[in-house]
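Top line first, the protein sequences correspond to chains A and X.
So the first sequence is numbered by the working numbering: it starts at 2 and just counts up by one.
So the second sequence is numbered by the working numbering: it starts at 306 and just counts up by one.
Simulated from the structure, these hints should not be mistaken for lab results.
Since this is a predicted model, take the numbers as computed values, not measurements.
Ideal placement from N, C-alpha and C gives every residue a C-beta, glycine not left out.
It is possible that some hints are incorrect.
As the list claims (entries may be wrong) - Some but not every residue of chain A turned toward chain X, in silico, with C-beta under 10 angstroms:
1. Tyr124
2. Phe126
3. Tyr152
4. Tyr161
5. Leu164
6. Tyr165
7. His171
8. His361
9. Val365
10. Glu476
11. Met479
12. Arg575
13. Ser576
14. Ile581
15. Ala591
16. Val606
Said to hold, decoys possible - Going by beta-carbon spacing under 10 angstroms, a handful of chain A positions derived as facing chain X:
17. Gly61
18. Lys64
19. Ile125
20. Val131
21. Lys147
22. Leu162
23. Thr500
24. Val501
25. Lys579
26. Phe580
27. Leu584
28. Tyr592
29. Leu593
30. Leu602
31. Ile603
Unchecked claim - Calculated cross-link-like contacts (lysine to any residue; reagent style SDA-like; alpha-carbon spacing at most 25 angstroms):
32. X/Lys743 <-> X/Leu721
33. A/Lys439 <-> A/Ile345
34. X/Lys630 <-> A/Leu14
35. A/Lys27 <-> A/Leu14
36. X/Lys569 <-> A/Ile158
37. A/Lys146 <-> X/Pro504
38. A/Lys490 <-> A/Val397
39. X/Lys693 <-> A/Ala424
40. A/Lys490 <-> A/Phe505
Residue-level listing of the chains:
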Amino acid sequence: MQSLQSLIIYLALGTLIGYFLSKINKHLGPIVLFALSIFGLYALWGMPTGVTESLFGFEGVLKFTALSKYLSIVTLIVFACYGFFNISWISKAKHPAAFNALSILTLLGTIGVFFSAHLIALYIFWEIAVLASLFIVPMGKEESKKATIWYVVISSIGSYLFLYGVFMLHEHYGTFDIFEIAQNIQNAPAGFRWTVVLLLLAAGIAKSGIFPLHVWLRNVHGNAPDTFSAVLSGQLVKMGSYLIALVLSVLPIVTMFAEFYNGVNILSYILIWLGNISILVGTLMAIKQNDMKMLIAYSTVANGGYILIGLATLDQVGYAGGLFHIINHALAATMIFLSFAAVIYRTGTTKIDEMGGLIHRMPVTFVTYLVGIISLAGIPPTSGFISKWMIFQSLVSKGMFVTQMFVFVGSIGSFLYVFRPLAGVFLGQLKNKDKNVKEAPIVMQIPMIILTALTVLWGVFPQQVLGWITDVQKEFGMKPFEFEGTVLKTSMGDWDTWTVFVMFAVGFIIAAVIYVLMPKGKKIPLEDQYTSGEFIHNYDLYHYATKFYAFLEREYEGHPSFEDWYLSIVNALRSLGKFIDYLARRTASAYLFWTAVVLALIMLVRW
Amino acid sequence: MITLLVAVPLAFAFATVAFPKLNKYVFPLVTLFNLTLLIGYVHPTQVVEVGKWPALYGIVLLLDNVNYPFLILVNLILLAVSISATFQDKLGTLLIVLTAALNGLLLTGDFFNAFVFLEIISAVAYILSAQNKNSYAAFKYLIFGAIAGTLYLIGAVSMYVYAGTLNMGYAGFIASHEYLEIAGILMLIALLIELKVLPLGLWAPDVYSNGSTLTPVILGSAITLTMFYFYARLFFNIIGPVNTNLVYVLAIVSLIFAQLAAMKQRTLGRTLSYLAIAGASTVMAAFSAGAMGDEKLISAALLYLFNDIIAVFVLFIIFGYLNGKGFKDNTVAGIAFSLVSISLIGFPLTAGFWAKINLLTALFEAGDYILPAVLLAAAVIQAGYLIKWNVDLWYVDNDSETEEIYLPFGAQLVVLLFALALVVIGFMPDLIKAYTDKIASHIFDFKTYFDTILKGGM
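Based on the sequences and whatever the hints tell you, model everything.
Right, here's the structure in full:
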């Protein structure tokens, strides 16, 4: 039975060991990471929740709640697949030793966040994770340098607002332990409650990419090293969601804020609306993207919105749905980014319209991506369907039809934008330059296959995940989601995943039987095509991928850009700085002037 | 014995006038001697009455728990400078004189003696700032510094006129509070000019960015540190505690403006100068917030000062040598630069992190909600431009234009040790905190100071 502290120490040692081993042979580093992740999974899988421990002599800093367990397991699964994938991918990394060491350090920071009950310890681990990922991001493409600045500034805004809130709480209650604070905070005056909760949530909002702090995701996730985008999108934003879930469930939000709409309190309502806008912004911006990684980065914004909406309803079905969506999006985003990493590994580009027809050369990668987007779009029998269904259910049962509309439009939109890379990269015409592209190495295929299997497995047999989730709900005093075997029960009806799967399977078998019995079509090469009797010399032009959704993008072409708005704030601040600099370059008599001014001012005040 | 701290450097300085070539060796030896003396032989509390004149009539040198850590740190910094910086031989004499003057200012208990040392420090500072053909900036600094000196002199003289003695302790004992305040204002302005609080610190960007490995390093670390000591001694111990609300406001405004100005800069030198100004302003704001006797706040401010001084040292030495070139061939410099940047921003686990946390804790306990907000907002801006410079310097495309520049071994050693020290203190903050707590607990204790100086009585 491992202790939490020993796990943290192993990860810290692992960082150093990983660094030095990577100097010897760069493939050793990811092996260390993979080994640590598997060890972590093994240790935490059976660990009982509700354990409080001390860290390096400080009492009561670590606490292993059900929420910690759930999110740690999600994180470790993502990191295990990432580590295994990297064993092969690391040959393309620019600074492999630093990359490996910092990856393990990121894992350390994240796990530490999940273990902390002491808010300063949480802040320390949070910043460690940010710091480690901060130095990995510029190892990507050329534009990743600018992206790093976005990352650190917006992350700092969130973390420092959080820190200010933590100190305000400490000032009032004399403790940094969030569970102790929760017991006393109900009696605080309204202004204080609002301020503190919003400040604490700010870090979670900044990290999970919710509007209005969503602008960094596109640049950072899109330009980071390819496999690390999987960690950024599949796991680090979940750290933000963890903070939101923690604040919403530990602090008695329901009693702290007045009820606003049909059982939903006003703070939750505001958060739900932020989620709505995130879904809208994420979906619409994703449809426009030509770079496949930036596209999925925007999808992370939208899915962060889903998670926030689910969590904020604080209701039996909705909260469980939000938590389930965390694991679904983690798996799906990891699958998608790993498949992209495999494609980029072989083709060397991230632009959708420069690829095409890769299904013929990389079938396993294709299947991974396909199952990933099916899960994201929320189609049974993948696990993505269950979480989306639960969120829909809870919104409808509360009568929140406007939000329901946003969520539904987001869902349809998600299918639109995930189809773009599918059609542009995998289907369609194989380009001439990609004729000799091979499938990804077997080491890369294994984690992709495992993730695919997990998505389908948990879509059909969600009991394991639901067990974790209901433990979380029970621990926080919420009514747990009801399920029995494969039957999920809500107030509006039941859903049997096994029945649905059987239906799909039967349909699949019937189709397979027909395919086998019926006469086969003739297989012709891709180039054997005609158009209006003309012979095509350059088959690359056959591929429809450029400006894929032009008809839709035209509708919202002149939209305001939040990125530009933030940049204009930066410019305004810069010009203020320019003014100060101007003052500094003046003549000596100007200095005399300033001295006289300050002297007069101080004398005036004293008199 | 403590007079040796001033006398030995002074003597050797005169000796090296005749043998300028030996400066390279005499300077480190002198600072090493000082350090050995301080760590091994001389301990607080000691009083020396120069010329055996009683304290009231003569000059008194005092070593107590407040200036002992400052002395060690200043001499350590000067030793580090002697090893790492590159300077012309003839400057060596000046630097040894500077050593004497800094030690003197830290030890003295007499207003006019302090003025003498202040002027010596300023004179050396002007000459240093004229390095690398930076004469106009040095001239502007001279004007500003002359005003500072004059104001201080008027303040000291008015003290003498009222109290009949130039001894700091006795003047503080006998003078009325209002009188002390007015004289104090004059001295305050003088110190604010040296401490680079905007708008009185407008000279700093031009002077610090001259690209020499000597000027900003010494001005930004050793001299700033000494000035902060002198400020604390005057306004917490002797004249104080004084309500310094206006200085608080001025320092906060200075902090914001300095960070904004740093954000705008395109050259590393000016960015770092504004960074130094911002750091000094933060410490000044914290000092003024805790001026009424808040020991915890002063202790936290001192830890922040320590972090800032070391950081400024490392950053400016690296800038002085590399002058904006990248870290591709200078990994050690790059690592030191990045570690120090991380400490300045306040990422765990570095000295800067503990400084920030302690400062925030103390500020909130004191009921101050404004400075923490400003501090954190400024930290966001600082994180932005520091990371930008780090990324730009690490990932620069080396066009292989000119010769490759390397840091000399001494500089590499020093910057790496200093950067690692910040990380080590991040893991064990009590190493420095013990000292800052001691300073903070003694600095408000006027009675002990007075009794020590006038141990014989009047």
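For this session: Could you check if A/Tyr592 really has its C-beta closer than 10 angstroms to a C-beta on chain X?
Result: 5 angstroms, holds
Problem set entry | Given hint A/Glu476 near chain X, where the shortest CB pair must fall under 10 angstroms | At about 28 angstroms, which exceeds the 10 angstroms cut-off, the nearest Cβ of chain X leaves the hint on A/Glu476 violated.
Exercise. When the nearest CB of chain X is found for A/Val365, is that gap smaller than 10 angstroms?
Worked result: At about 34 angstroms, which exceeds the 10 angstroms cut-off, the nearest Cβ of chain X leaves the hint on A/Val365 violated.
Exercise. Holds or violated: is the Cβ of A/His361 closer than 10 angstroms to a Cβ in chain X?
Worked result: Violated: closest Cβ of chain X sits about 37 angstroms from A/His361, beyond 10 angstroms.
For this session: Return the status of the interface hint for A/Tyr152: holds when the least beta-carbon distance to chain X is below 10 angstroms, violated otherwise.
Result: 9 angstroms, holds
For this session: Classify the hint on A/Leu164 as holds or violated, based on whether any CB of chain X lies nearer than 10 angstroms to its CB.
Result: 7 angstroms, holds
For this session: Answer holds if the nearest beta-carbon of chain X is closer than 10 angstroms to that of A/Lys579; otherwise answer violated.
Result: 5 angstroms, holds
Exercise. Any CB of chain X closer than 10 angstroms to the CB of A/Ile125?
Worked result: The hint holds - A/Ile125 has a Cβ within 10 angstroms of chain X, the shortest such distance being about 4 angstroms.
Exercise. Does A/Lys64 pass the interface hint, meaning its C-beta sits closer than 10 angstroms to a C-beta of chain X?
Worked result: 19 angstroms, violated
Problem set entry | Given hint A/Thr500 near chain X, where the shortest CB pair must fall under 10 angstroms | 51 angstroms, violated
Exercise. Does A/Val397 lie within 25 angstroms of A/Lys490 when you go C-alpha to C-alpha?
Worked result: 15 angstroms, holds
Problem set entry | Interface restraint verdict for A/Phe126 against chain X (beta-carbon cut-off 10 angstroms) | For A/Phe126, the interface hint holds, since the closest Cβ of chain X sits about 8 angstroms away, which is under 10 angstroms.
This entry does not satisfy hints 8, 9, 10, 11, 17, 18, 23, 24, 32, 34, 37, 39, going by the numbered hints stated previously.
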